[in-house]
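Please work from the sequences and hints to get the whole structure.
Residues per chain are reported as follows:
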Amino acid sequence: MKKLFAQAYIWVLLVLLYAPIVFIAIFSFTEARTLGNWTGFSLELYKHIFTGGVNGGASLMAAIKNTLVIALVAAAFSTLLGTVSAIGIYNLKGRKKKTIQFLNNIPMINPDVITGVSLFLLFVFLHFSQGYLTVILAHISFCTPYVVLSVMPKLGQMNPNIYEAALDLGATPSLALRKVLIPQLRPGMLSGFILAFTMSLDDFAVTFFTRGTIGLETLSTYIYADARKGGLTPELRPLMTLIFTIILILLVIMNVRQAKTNKK
Amino acid sequence: MSDKNIIIDIEHLSKSFGDHQVLKDISLYIRKGEFVTLLGPSGCGKTTLLRMIAGFLQPDEGTIMMEWDSKGGKTEFRDVAGIPPHQRPLNTVFQRYALFPHLDVYDNIAFGLKLQGVPKDEIDTRVRKVLKLVSMSDYEDRDVESLSGGQQQRVAIARAIVNRPKVLLLDEPLAALDLKMRQDMQIELKEMHQKLGITFIYVTHDQSEALTLSDTVVVMNEGKIQQIGTPIDIYNEPVNSFVADFIGESNILNGTMVHDRKVNFIGHDFECVDEGFGENNPVDVVIRPEDVYLGYELEGAQFSGTVKSCVFKGVHYEMYVETDSGNELQIQDYDAFEPGRTVQMLIHPDDIQVMKKERVENVIDCKVIDETHIEMFGEEFECAPISGNVESGIPAKARIQFSKVDLMDHEEEGNASGEVWFILYKGNHYHLTVKTESGEYVYVDTNDIWDKGDLVGIKILPEDITVETVDEQEK
Amino acid sequence: MSKRSNWAIPYLIFLVLFVVLPLVLIVVYALQDGNGNFTLSNVTRFFTDSDALSTFAVSVEVAIENTLICLLLGYPAAYILADKNLNKSAVTVILFILPMWINALMRTLATAELFNVFGFTLGKGTLLFGMVYDYLPFMIYPIYNVLLKMDKSYAEAASDLGATPVQVFGKVTLPLSMPGIFSGILMVFMPTVSTFAISEFLTNNKIKLFGTIIQENINSSMWNYGAALSLIMLVIIGLTTILLGGDEREVEGGTI
Numbered sequence: 001m002k003k004l005f006a007q008a009y010i011w012v013l014l015v016l017l018y019a020p021i022v023f024i025a026i027f028s029f030t031e032a033r034t035l036g037n038w039t040g041f042s043l044e045l046y047k048h049i050f051t052g053g054v055n056g057g058a059s060l061m062a063a064i065k066n067t068l069v070i071a072l073v074a075a076a077f078s079t080l081l082g083t084v085s086a087i088g089i090y091n092l093k094g095r096k097k098k099t100i101q102f103l104n105n106i107p108m109i110n111p112d113v114i115t116g117v118s119l120f121l122l123f124v125f126l127h128f129s130q131g132y133l134t135v136i137l138a139h140i141s142f143c144t145p146y147v148v149l150s151v152m153p154k155l156g157q158m159n160p161n162i163y164e165a166a167l168d169l170g171a172t173p174s175l176a177l178r179k180v181l182i183p184q185l186r187p188g189m190l191s192g193f194i195l196a197f198t199m200s201l202d203d204f205a206v207t208f209f210t211r212g213t214i215g216l217e218t219l220s221t222y223i224y225a226d227a228r229k230g231g232l233t234p235e236l237r238p239l240m241t242l243i244f245t246i247i248l249i250l251l252v253i254m255n256v257r258q259a260k261t262n263k264k
Numbered sequence: 001m002s003d004k005n006i007i008i009d010i011e012h013l014s015k016s017f018g019d020h021q022v023l024k025d026i027s028l029y030i031r032k033g034e035f036v037t038l039l040g041p042s043g044c045g046k047t048t049l050l051r052m053i054a055g056f057l058q059p060d061e062g063t064i065m066m067e068w069d070s071k072g073g074k075t076e077f078r079d080v081a082g083i084p085p086h087q088r089p090l091n092t093v094f095q096r097y098a099l100f101p102h103l104d105v106y107d108n109i110a111f112g113l114k115l116q117g118v119p120k121d122e123i124d125t126r127v128r129k130v131l132k133l134v135s136m137s138d139y140e141d142r143d144v145e146s147l148s149g150g151q152q153q154r155v156a157i158a159r160a161i162v163n164r165p166k167v168l169l170l171d172e173p174l175a176a177l178d179l180k181m182r183q184d185m186q187i188e189l190k191e192m193h194q195k196l197g198i199t200f201i202y203v204t205h206d207q208s209e210a211l212t213l214s215d216t217v218v219v220m221n222e223g224k225i226q227q228i229g230t231p232i233d234i235y236n237e238p239v240n241s242f243v244a245d246f247i248g249e250s251n252i253l254n255g256t257m258v259h260d261r262k263v264n265f266i267g268h269d270f271e272c273v274d275e276g277f278g279e280n281n282p283v284d285v286v287i288r289p290e291d292v293y294l295g296y297e298l299e300g301a302q303f304s305g306t307v308k309s310c311v312f313k314g315v316h317y318e319m320y321v322e323t324d325s326g327n328e329l330q331i332q333d334y335d336a337f338e339p340g341r342t343v344q345m346l347i348h349p350d351d352i353q354v355m356k357k358e359r360v361e362n363v364i365d366c367k368v369i370d371e372t373h374i375e376m377f378g379e380e381f382e383c384a385p386i387s388g389n390v391e392s393g394i395p396a397k398a399r400i401q402f403s404k405v406d407l408m409d410h411e412e413e414g415n416a417s418g419e420v421w422f423i424l425y426k427g428n429h430y431h432l433t434v435k436t437e438s439g440e441y442v443y444v445d446t447n448d449i450w451d452k453g454d455l456v457g458i459k460i461l462p463e464d465i466t467v468e469t470v471d472e473q474e475k
Numbered sequence: 001m002s003k004r005s006n007w008a009i010p011y012l013i014f015l016v017l018f019v020v021l022p023l024v025l026i027v028v029y030a031l032q033d034g035n036g037n038f039t040l041s042n043v044t045r046f047f048t049d050s051d052a053l054s055t056f057a058v059s060v061e062v063a064i065e066n067t068l069i070c071l072l073l074g075y076p077a078a079y080i081l082a083d084k085n086l087n088k089s090a091v092t093v094i095l096f097i098l099p100m101w102i103n104a105l106m107r108t109l110a111t112a113e114l115f116n117v118f119g120f121t122l123g124k125g126t127l128l129f130g131m132v133y134d135y136l137p138f139m140i141y142p143i144y145n146v147l148l149k150m151d152k153s154y155a156e157a158a159s160d161l162g163a164t165p166v167q168v169f170g171k172v173t174l175p176l177s178m179p180g181i182f183s184g185i186l187m188v189f190m191p192t193v194s195t196f197a198i199s200e201f202l203t204n205n206k207i208k209l210f211g212t213i214i215q216e217n218i219n220s221s222m223w224n225y226g227a228a229l230s231l232i233m234l235v236i237i238g239l240t241t242i243l244l245g246g247d248e249r250e251v252e253g254g255t256i
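Protein chains in written order, with the working numbering: chain H, 1 to 264; chain A, 1 to 475; chain L, 1 to 256.
No lab work stands behind these hints, which were simulated from the structure alone. Careful: at least some of the hints might be erroneous.
[As the list claims (entries may be wrong)] What the simulated footprint calls covered on chain L by chain A, stretch by stretch (three residues with Cβ under 8 Å from a Cβ of chain A suffice, anywhere in the stretch; the number is not a length):
| id | stretch |
| --- | --- |
| 1 | 90–97 |
| 2 | 122–134 |
[To be verified] Non-contacting residues of chain L with respect to chain A, defined by C-beta distances greater than 12 Å in every case (computed):
| id | residue |
| --- | --- |
| 3 | Leu31 |
| 4 | Asp33 |
| 5 | Gly36 |
| 6 | Thr39 |
| 7 | Ser41 |
| 8 | Val43 |
| 9 | Tyr75 |
| 10 | Gly162 |
| 11 | Thr164 |
| 12 | Val168 |
| 13 | Ile185 |
| 14 | Ile207 |
| 15 | Ser220 |
| 16 | Leu234 |
[Said to hold, decoys possible] For each label pair, taking beta carbons as the anchor points, the in silico distance ranges come out as:
| id | chain 1 | residue 1 | chain 2 | residue 2 | range |
| --- | --- | --- | --- | --- | --- |
| 17 | A | Asp233 | H | Ile162 | 48 to 54 Å |
| 18 | A | Arg128 | H | Gln101 | 40 to 46 Å |
| 19 | H | Val12 | L | Gly119 | 52 to 58 Å |
| 20 | H | Tyr132 | A | Glu145 | 47 to 53 Å |
| 21 | A | Met408 | H | Thr172 | 24 to 30 Å |
| 22 | A | Arg164 | H | Ile162 | 49 to 55 Å |
| 23 | A | Met408 | L | Ile94 | 43 to 49 Å |
| 24 | L | Gly36 | H | Tyr132 | 39 to 45 Å |
Just so it is clear, the structure is predicted and the values come from calculations on it, not from any experiment. Backbone N, C-alpha and C define an ideal beta-carbon position, used for all residues, glycine too.
Here's what the structure looks like:
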């Protein structure tokens with residue numbers, strides 16, 4: 001039956017898609033250095049994540065820490081900047097609006113290599129020494145557009161009379177903003193924040209070009225340097241498994257909550 | 001089929017979605033060339049029925065027989081269950097038009113013809129002809145998204161009729177248009193029907209639209225057919241209070257049939273034209289607001305009352321009058337009568353429509369728990385002592401008068417809970433249909449004002465519940 | 001709310017500084033030699049450097065192949081996922097989206113390792129396989145979204161007018177899902193052309209892609225040539241975007 005064929009197709013694709021991940025996950029629970037060797041169940045590798053990596057100069061934990069800090073800071077700033085800007089853009093009209101929207105879209109369309117190279121040249125030009133600050137600035141520049149794009153629809157869906165109603169009932173403009181406007185935009189701000197956070201976590205090329213030579217490593221650059229030395233170091237297996245599990249749980253939670261609100 | 005004029009014959013059609021039965025044993029036939037309207041409130045099953053005729057849904061039970069041109073050139077009657085929509089000789093005009101956004105007007109209309117392999121110049125001729133019919137001749141190359149609602153509607157109709165279907169199905173096609181546009185389109189549709197001569201099956205919830213357009217109206221409610229007839233029949237002679245209330249404005253009152261051609265209501269005897277309702281039997285009486293004649297002094301007046309309100313409605317005045325018996329009547333007249341003043345009124349025998357009462361009291365299936373307790377609506381109720389065979393668990397019927405059912409503001413105050421489903425004003429009280437949480441219906445007479453959808457508690461005093469076990473009934 | 005349009009001004013400044021200026025700098029560096037003099041030599045050098053040209057050709061070729069394979073595999077998957085009759089599970093959809101959120105490098109490395117373990121030699125085949133593996137979800141997601149939101153009455157209308165299920169797909173569903181297809185192509189083709197680390201891992205450095213040579217040049221302080229190569233890539237990207245209508249691009253992973 002058509003349904004059977006369709007289900008089979010999907011499952012074949014899913015198996016292929018997850019084979020590497022599952023494979024890595026299985027072998028994260030053993031101590032063998034070479035992938036494919038099973039020397040018995042062990043959580044050694046998981047412990048190793050916390051005690052240090054193989055790469056000289058920066059430990060794996062430091063890289064993870066950097067990645068998270070950069071992502072949080074960049075996402076926070078992007079959300080702030082993005083929300084304020086979305087409100088501004090929403091109130092623009094005509095050519096001005098189209099121009100700034102076009103500019104806003106560029107970082108999303110540009111391949112990360114180009115963004116990385118162009119920002120690299122920028123910091124050279126401005127004689128900015130490259131390190132933490134430049135990476136965060138770079139991340140903010142490519143994350144903010146996603147926040148703008150998440151908040152704009154909420155502005156569009158919002159009843160424009162709500163703000164006026166607040167004023168009519170005696171609120172000052174700033175109070176109306178805080179108590180009425182922002183709550184309406186909150187879902188967009190939240191999804192924008194999550195998106196910005198993800199984009200930052202996932203980034204490789206931009207960080208690669210803007211981190212300078214002080215030895216700043218994020219997870220992506222750590223993996224890159226590590227892999228060039230000879231393939232996947234064993235510690236990366238449990239890391240990948242953990243990341244995969246966390247994301248899976250998060251996605252499931254998000255969708256269960258969505259389904260619950262849909263049922264109401 | 002003996003009657004060569006029938007084009008679709010539907011027998012005992014039923015359909016459920018999950019445990020909700022949407023169509024219950026529907027049977028009707030449709031004659032060639034007719035304009036038939038399926039009329040009813042949302043949820044009555046009319047769209048489901050239409051979609052089954054079109055082929056987008058399959059019935060659970062029953063048959064749909066259609067006139068079919070078989071390959072030899074012969075015409076036969078065939079059960080279309082299992083035949084997919086693209087093979088049926090019908091076309092549908094969808095509620096939101098469903099015009100293909102990636103094709104222009106011409107290609108939308110030509111879509112069906114191209115699939116049939118019609119040669120190009122014939123397509124050209126037919127498309128142009130049908131565009132002319134719907135007054136959209138200059139719009140061939142237009143992008144469909146640039147058209148107004150009314151224009152899209154015409155293209156949708158053109159796209160359907162260019163295929164020369166035997167039957168045209170229209171699913172509330174005018175619902176998305178504003179009033180003026182709707183009225184204009186109604187006239188055009190009627191003209192189109194007369195010109196084309198094909199059978200139209202039309203679905204709407206708007207009763208005035210149904211009365212304007214149709215040759216035959218099929219009134220539906222809750223999955224059942226309530227009445228089939230011409231617009232005039234349905235309007236003047238509704239068979240039950242649902243139809244009377246749904247079609248036009250009406251006063252629906254409790255009455256008693258004294259004997260043939262004489263009925264008593266609002267405290268007076270009236271001559272009427274109905275017979276066969278027996279003697280001294282309770283009936284429902286329908287009076288249209290425009291059929292009550294009033295005057296400050298009226299020759300031949302039958303009763304009097306006080307004007308409560310008078311509102312100008314453009315064509316006539318709409319007044320509410322409290323009669324000398326305490327009933328409220330809605331009356332329409334070309335003249336205004338001052339609120340507060342006394343008026344005299346009369347009603348002609350022809351204008352009184354007597355209807356059989358569907359029920360005179362609640363008769364509810366229940367289960368016996370013991371001599372003084374039953375399980376009804378899924379809850380336990382105390383009742384009047386039961387005579388006869390009292391065994392726990394046996395089925396029985398509980399009889400409760402309409403006026404003895406109490407509705408409480410809070411669900412916990414009653415023995416069972418439910419939702420106000422339907423409100424019928426009966427002149428001096430409201431006759432409510434309440435749907436219980438267990439999915440059953442209980443009927444209530446009350447003077448309290450409730451809104452449709454209100455959640456209520458159902459309370460009935462034990463002495464008002466009379467229980468008859470099954471063998472008691474058979475006596 | 002009128003004065004609030006001023007709120008966009010800080011962002012405008014920010015964008016000019018961090019988006020426009022950097023791109024301008026790419027052009028500037030591309031057209032300069034090491035001493036700051038205007039020259040076209042960097043650009044012309046690309047067209048005479050056979051290595052660079054062949055790398056470019058290989059990149060475009062791989063990108064096209066990758067996009068086609070993703071489209072051929074991904075469209076049916078998206079169709080099945082969006083059809084309530086064929087797929088009743090929301091979890092299956094999540095499973096397809098999930099990989100998009102895992103670090104791309106990690107996923108690629110995992111694939112490369114797997115090839116190693118099974119003894120496949122790394123080369124063109126593994127590169128393509130790895131690319132498809134990486135980018136398939138990005139093709140499926142926009143197509144799935146478009147198909148999901150498509151008004152069912154179009155398919156019904158087509159059927160009503162006489163189209164068989166195959167014809168309904170070909171004449172109505174497929175054309176109307178084009179925006180999703182374009183989105184998917186955009187999200188797959190461009191990153192593939194510009195990627196650099198992924199090809200290294202999947203081919204053990206045997207095949208270089210365009211992104212890699214940009215990176216190599218920048219890292220070895222050949223900024224001018226690197227910028228010129230970036231400029232050429234920008235032009236390609238710009239052309240592709242215009243052809244495929246870049247404004248329609250849906251934000252990946254937006255709201256699930």
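Worksheet item: Hint by hint, which ones does the structure fall short of?
Response: 1, 2, 10, 11, 12, 19, 21, 24
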